[in-house]
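J.: Line order of the protein sequences matches chains Z and V.
Per the working numbering, residue 1 is the first one in the first sequence, and the count goes up by one each step.
Per the working numbering, residue 1001 is the first one in the second sequence, and the count goes up by one each step.
Zero decoy hints are in this set.
Straight-line Cα separation of at most 30 Å, BS3-like style, residue types lysine-lysine; simulated pairs:
#1 V/K1089 x Z/K57
#2 V/K1093 x Z/K18
#3 Z/K18 x V/K1010
Simulated from the structure, these hints should not be mistaken for lab results.
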Amino acid sequence: MSGSLRSTVSVAEQVLTKLPDYVNDIDVSPDGRRVVACSVSGDMCIVEEDGSVRFLKAHEGDVVHAKWSSSGQFVASCGIDGALRIWDRGGSLVNESQHNGWATGLAWRADVDEVAAGIGRRAVRLLANRMNPVTHVELKTTIESLAWSNDGRHLFAGHYGGVSVFQGAPKPVKVFPWKGAPLTVTASPDGRWVVSGNQDASLHVWKFSSGSELQMTGFATKVLLVAWRRDSLRLANASMNEISEWDFSGKGPKGSKPIGMLGHSNRIVGLGYAPTHPDLLGSVAADGSACLWRPVKSGNSLVHTHGTQHVFSSMRWSPTELRMVCGTSTGDVVSISFNEGAGE
Amino acid sequence: MVVMSSNDGKVPVTVVTGFLGSGKTTLINYILSENHGKRIAVIENEFGEVGIDDALVIDAEEEIFEMNNGCICCTVRGDLIRILGTLMKRRDKFDYILVETTGLADPAPVAQTFFVDDEIRAQLRLDAIVTVVDAKHLSLHLFEEKEEGVENEALEQIAFADRILVNKTDLVSEEEVAVVESHLRSINASASLVRTHMSKVDLDWILNVGAFNLERVLEVEPTFLEDSEHQHDQSITSVGIEEEGLVDVAKVNDWLGWLLGEKGTDIFRMKGILNVAGSEQRFVFQGVHMLFDGQPDRAWFDGESRVNKMIFIGRNLDRNEIRLKFQQCLVR
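Full structure from sequences and hints, please.
T.: The structure is reproduced here in structure tokens:
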């Protein structure tokens, strides 16, 4: 598929299945053929390419996250029951680790089938093919978010008070201290930057090598959604109904103004660059709108808006086509495909 | 300005505070066991069993998020944000939320969470802060010597309260209860008090009372203590101002802005009704630390005494200074 999209876009929308309640998280397998979604009801479902669905009671209470491994062989889930679980594609339990506290911040390594979750104040790592988990030292505050570096060497844990960086050892090898509450942490694909979205409506940025930092403030609400473009040159974040894109080329965004994008009328709940069209950004919101953007400094960045009756709660792109899968507040799992139209 | 009072379709939340052993858990159990027809979620900060069917009870470990800007009013409770966040996703199944804090909890971050966190503010409303005090042991907690800089949480829990249950009255004499009540009123003159045994109280008195609704500001007539007779050796007191005259709205805005800037850390709660020059409507306001909300309210009734009434509850408040500054806001 080409990396450009003409301005005429047709959209195909389909409800794939329904979970009993609010969809907390959703993901598409690396081959684009399967979808996993999880709910506050404790249920998880795996939707096959042929439309068949396997439902699992994955956790007691909310399943907070569910994600495919990069090999596509496994699904991991974590829940407020303090459990981190690995399942095979058929929905059989492969491995699990149980702790006290809520499990959140689920993140698979890109290079091996190893998954991490923050359970209370600990980062716990679990391999698909080895029974014993690695449990890191307890931090002083609860982990809100985890992210791996692309090469799998570093695990970043965002928690009140900063970002701790783990390698193999139980203790953090590095801490980026900051008196604030990171809610989501990300590492740029090239490993240069660590960025957190925060409770106090800000983004905090650290340069990984030097630890030098900067902060972007003034967003309308706390920042829960942050996404990197594949080339690490752009970062987008959402706050309430507005998206900002920052230029991380050269020395980074210090002193620069972001590209602002307004198209939704309610809280944005899903944000990401399309893997098949890296210059396109997708977003969905609680108002039922799904938007495609091509961020430009001057002029209109909006490529297409698709309105639906859903109250979206989560979104992920398919790695293989221009297709979003979305969860909703009522449990629907919805597929939205964007297709190039017949002409300008 | 933070809008603290809008409540369209929002799920009400009652925060129950009080020292360990005062009767908080007994009150929660009593609420849950009464036939009120509500489906209630309880968030507990102290580990305990509440074995009531149909109620979800979640344990939380207190975690305070202070923000980089150092502003005290941005300090919120991370544990509550997480738990309330997940409760709201299935909000159809709950129509009331009770938050039971630990005996040592600072009520300010708990209250501020409902105004500062945007997702919570959009879906929930803080209904009231209910504080349970143990009539027999209150004075022990109130006059406990603390190291410098260490807060006396018992005092703060009383200062933040909208409703105070004077519990365990069966264990003390009438005279002792009267002394306890006098202590409570000198700290917080705007809260309503009720004497209870085993935390048994009319639920309409503590649930859905709308204490943070601007329309109900000063619904409870504050007991304005003018003299020093009731003053105790405590740093937290109530200062009530009652003045006739027309207020210059620009001046009063400047003054309140100055007051919160200078003393917002020390002012825990404030409420007031103003008689604004050029307006036939009452102007009502309230605040928690530096979070402030105010708006024109109903028209003054015919024959109603148009008196400005304000109450400030806080630490080291200078009554004379506050009164003098307010008087300078009156139209000459």
